[in-house]
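Here is how the chains run, residue by residue.
Protein chains: 2
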Amino acid sequence: MPGGGGSERAVALRDESVTTEGKQEGKPNKAEATEVPAAVTYTPIGVIHSEHRRPQETPIQPVYARGCKGWAEILPQYAEGLKDLDGFSHLLLLYHFHRAGEPQLTVVPFTDNQPRGLFSTRHPRRPNPIGLSLVRLVRVEGTILHLDDVDILDGTPLLDIKPYVPRFERAENATGGWTETVDDSTASRRGRRGFQAGRGQP
Amino acid sequence: MPGGGGSERAVALRDESVTTEGKQEGKPNKAEATEVPAAVTYTPIGVIHSEHRRPQETPIQPVYARGCKGWAEILPQYAEGLKDLDGFSHLLLLYHFHRAGEPQLTVVPFTDNQPRGLFSTRHPRRPNPIGLSLVRLVRVEGTILHLDDVDILDGTPLLDIKPYVPRFERAENATGGWTETVDDSTASRRGRRGFQAGRGQP
Numbered sequence: 001m002p003g004g005g006g007s008e009r010a011v012a013l014r015d016e017s018v019t020t021e022g023k024q025e026g027k028p029n030k031a032e033a034t035e036v037p038a039a040v041t042y043t044p045i046g047v048i049h050s051e052h053r054r055p056q057e058t059p060i061q062p063v064y065a066r067g068c069k070g071w072a073e074i075l076p077q078y079a080e081g082l083k084d085l086d087g088f089s090h091l092l093l094l095y096h097f098h099r100a101g102e103p104q105l106t107v108v109p110f111t112d113n114q115p116r117g118l119f120s121t122r123h124p125r126r127p128n129p130i131g132l133s134l135v136r137l138v139r140v141e142g143t144i145l146h147l148d149d150v151d152i153l154d155g156t157p158l159l160d161i162k163p164y165v166p167r168f169e170r171a172e173n174a175t176g177g178w179t180e181t182v183d184d185s186t187a188s189r190r191g192r193r194g195f196q197a198g199r200g201q202p
Numbered sequence: 001m002p003g004g005g006g007s008e009r010a011v012a013l014r015d016e017s018v019t020t021e022g023k024q025e026g027k028p029n030k031a032e033a034t035e036v037p038a039a040v041t042y043t044p045i046g047v048i049h050s051e052h053r054r055p056q057e058t059p060i061q062p063v064y065a066r067g068c069k070g071w072a073e074i075l076p077q078y079a080e081g082l083k084d085l086d087g088f089s090h091l092l093l094l095y096h097f098h099r100a101g102e103p104q105l106t107v108v109p110f111t112d113n114q115p116r117g118l119f120s121t122r123h124p125r126r127p128n129p130i131g132l133s134l135v136r137l138v139r140v141e142g143t144i145l146h147l148d149d150v151d152i153l154d155g156t157p158l159l160d161i162k163p164y165v166p167r168f169e170r171a172e173n174a175t176g177g178w179t180e181t182v183d184d185s186t187a188s189r190r191g192r193r194g195f196q197a198g199r200g201q202p
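Line order of the protein sequences matches chains A and B. All residue numbers for the first sequence refer to the working numbering, where the first residue is 1 and numbers rise by one. All residue numbers for the second sequence refer to the working numbering, where the first residue is 1 and numbers rise by one.
Possibly wrong hints are sitting among the right ones.
Remember, identical chains collapse to one label, so a pair may be satisfied in a single copy or spanning two.
[As the list claims (entries may be wrong)] Cross-link-like lysine to aspartate or glutamate pairs, in silico, DMTMM-like; alpha carbons within 25 Å at most: (1) Lys69 to Asp148; (2) Lys69 to Asp154; (3) Lys69 to Glu57; (4) Lys69 to Glu172; (5) Lys83 to Glu102; (6) Lys83 to Glu180; (7) Lys83 to Asp112.
Hint data in this document are derived by calculation from the structure and do not stem from the laboratory.
Chain A extracted, bound-state conformation (with noise of 0.2 Å):
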C-alpha cells in the first residue's frame, strides 16, 4: 500500500481538524498529536446494475447470492485502467451504500438476532458507507463488466474496482468472533432474505 509522491489529491481538508493524542507508550509517534484530515472526496468511476431493486430482498453478501448476474458500467474516460483485468476470476468492488440510511454504531446483523457493535458487522449503516463485495467476473465488454454472484442494489455509485489476488487475499486460521455462533444454513437462511434463486440463474 506504499504510496508514490507526496500529493494529498482528493484529500480536501476542511477548516477545522480533528487532532486525538498518540497515548502508546513505546510506540513510534508517542509524543506528537495525530492529525485526522476531516473529509477526503471520492468520485464515482461508474454504477452497478442488478436486479435488485428492494434493499429488504437484497441478498446480504455474495456467498448469498450465487446466480445474481449484474454488471458494473464503467465511466468512459477511466476504460484505459481495465486493461488486464480479463484474467481474473474475481474482483473486490468498493461501492457507496447510497441507500444506507443513517449510520448506527450498534446494529441486530442479518443473520443474527443480538445487537452487535457495527465495526464487528457488515451492515451498510456505517460511519462511511462503504461497501465491500467479492464477485464473479464473467467477461470483460468495453467498458462494461459482466459479473454474477451480485449483492449490490441496481445503481450503486462504483468507486474502485481491486483485482482478487489469491496470493494476497489467505487468512490463515482466521476465526469468525460472533458469526460462528450462528450456523452456515441459518446465516444462509437470513442472508439470502427474499432472493429467490429461480429469479436469476440456476
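Use these hints to put chain B onto chain A, whose structure you have.
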C-alpha cells in the same frame, strides 16, 4: 449490502451529475439513463500507526508484512461500534492512500515489470485512492486496535473497519490473471520492498 432507509447521507451532489446511457439489451434499466453522483464525502474514523514511514520501504501487501506491528486509533465518538470486534482474528481495513500522488490509469505493478491497467492492480495511484488491507487483530484496548501484518504507512486516515468473516470471503477456483505470471518467490521479494524482517517481530 442492502440499505435500510432512503436517506442520501454523505452523498454530496455537485452542480453537475454525470449521466450515462444504459446500453444493455435485455437488461434492467436498458432504456433509462443512469445518474452517477458526482462526489461522495467521507470523514475518517481514526488513524493507522505503523513503523512504516517511507512509501518506498513499505511492504505492498499484508502477506509481505508478517511481523509488522501497528495500531489503529479510533476517534472516541465511534467507540460504541467497536463492541464484539475482539472475537475476530482478522480485519479488513479501508483507508485513504494519503500519499498516493496523482492517479495513473496504467502502472507498472510493484511485483511486475510490465505496464498494466490500474484496475488490474492494487497500486495506490487510483482514481479514488482507497486502500484495502487484510490485517491480523491482536487485541482491542479501548479505542486502540493492536494489529499485525500491517502494510500501511504511519499516519494513514482510516475510513472503515470490516470484520473478516471466513464464510463471506470464499472465492472458489480463483484465478489471478497477470499475477500468475510472477512466481511466488519473486513476488515476495519485490513485495517486501525495503522492509527488513528484523525490524518487526520475527
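Structure-based check of all given hints:
1. For a Cα distance limit of 25 Å, the shortest separation of Lys69 from Asp148 inside one copy, 4 Å, qualifies, whereas the shortest one across copies, 37 Å, does not.
2. Within a single copy, Lys69 and Asp154 get their C-alpha atoms as close as 11 Å, which meets the 25 Å cut-off; across copies the closest is 40 Å, which misses it.
3. When the C-alpha separation of Lys69 and Glu57 is checked against a cutoff of 25 Å, the pair qualifies only within one copy, where the shortest distance is 15 Å, while the shortest distance between copies is 41 Å.
4. Only between protomers do Lys69 and Glu172 lie at most 25 Å apart by alpha-carbon distance; the minimum there is 17 Å, versus 30 Å within a single protomer.
5. Taking the shortest alpha-carbon separations for Lys83 and Glu102, only the inter-copy value of 19 Å comes in at or below 25 Å, while the best intra-copy value is 37 Å.
6. Taking the closest pair of Cα atoms, Lys83 and Glu180 come within 25 Å of each other only across two copies (16 Å); inside a single copy the shortest separation is 39 Å, beyond that limit.
7. With identical chains, the CA atoms of Lys83 and Asp112 are at most 25 Å apart between copies only, with a shortest distance of 15 Å across copies and 41 Å within one.
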